[in-house]
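I would like the entire structure built from these sequences, with the hints used as guidance.
When we follow the numbering used here, the leftmost residue of the sequence shown carries the number 45, and every step to the right adds one.
None of these hints come from the bench; they were simulated from the model.
Every residue gets a Cβ at the ideal spot worked out from N, C-alpha and C, and that includes glycine.
Keep in mind that the hints are not guaranteed to be accurate.
What the hints assert, rightly or not - Derived Cβ-Cβ restraints for the label pairs, each shown as a range:
#: 1; residue 1: 304; residue 2: 75; range: 33 to 41 Å
#: 2; residue 1: 53; residue 2: 268; range: 23 to 31 Å
#: 3; residue 1: 244; residue 2: 91; range: 21 to 29 Å
#: 4; residue 1: 94; residue 2: 303; range: 45 to 53 Å
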Amino acid sequence: MSSRAELLEAWHGHLAHGRRRSPHTVRAYVATAARLLDGRPDADWTDLATLDGPALRQHLAARRGDGLANISAARELSALKAFLAFARVQAGVPEARAPRVRAPRVKKGIPRPITPDDAVSLAAMVHDEANAEWIGARDRAVLLLLYGSGLRIAEALSLTGAVLPLGETIVVIGKGSKQRMVPVLPLVREAVADYLAKCPWPITRESALFRGARGGPLAPGLVQKAVARARIALGLPDSATPHALRHSFATHLLGAGADLRSLQELLGHASLGSTQIYTRVDAATLLDVYRHAHPREQ
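Quick look at the structure:
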């Protein structure tokens, strides 16, 4: 019989190496599996392979009782189904059907971008509020890269010195280890050059481009905290996060006439459907302008 730790270790290895999922996804999926196993301390792969719909619904109901929202419950159900599918393979019963559990309805919202001026102001504020000049230059460079190239924060922080010297484009590795080419604006190149000139740590081809205070790779949480402080100082809404800069990149390009296919490539979306949500953002922006500017609305 496999122990709980062995089950989770095998699941971790499958996600990280077999499926090459991002570290964030691996942590979330392993944590979801661990919660399921907490109520089944003696479970092995065979037990998990035979887990039925009612048992899974009971587990999710308990999680909902802890305050889990619909969108989080839907993600958790997806992770659980993946874990149980892996369990069936491990138990030698891959032909067994997955438990049939309907995911909770999730109302799709639209991304909430910020204006170009606010994006630049946010980057400037994190620079000015930093407790060291090189850290301020670093955070400014990261945020301008998110806004100027539409990167996810994990993509920006995974860059190494191999991208230097920066040209007009760089190749980034996105979800599923898929590569794509993105543009790098002169403003972004200047910000990165300023950071490199002030960074106290040597940047080699193999080392992380953006470094923490002790020289290790920069953690996403540090950037998020810096942005949280800056948006309060600027009076921006809570939706002004590092990821909102990626939304802003997409929305502003679409508003300027970019076609959806090109935008899909720039964002690294697997399907065009993921990109189409930005047409709703643009429509929402136009409606907001109309309501505030049309004389009949005054």
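Going down the list of hints, with the structure as the test:
Separation of residue 304 from residue 75 is about 35 Å and conforms to the stated range, judged on CB atoms against 33 to 41 Å. Evaluation of the 23 to 31 Å hint for residue 53 and residue 268 yields a pass: the beta carbon distance comes to about 29 Å. Separation of residue 244 from residue 91 is about 53 Å and departs from the stated range, judged on CB atoms against 21 to 29 Å. At roughly 49 Å, the beta-carbon separation of residue 94 and residue 303 lies within the given 45 to 53 Å, and the hint holds.
When held up to the earlier numbered hints, the structure conflicts with hint 3 and nothing else.
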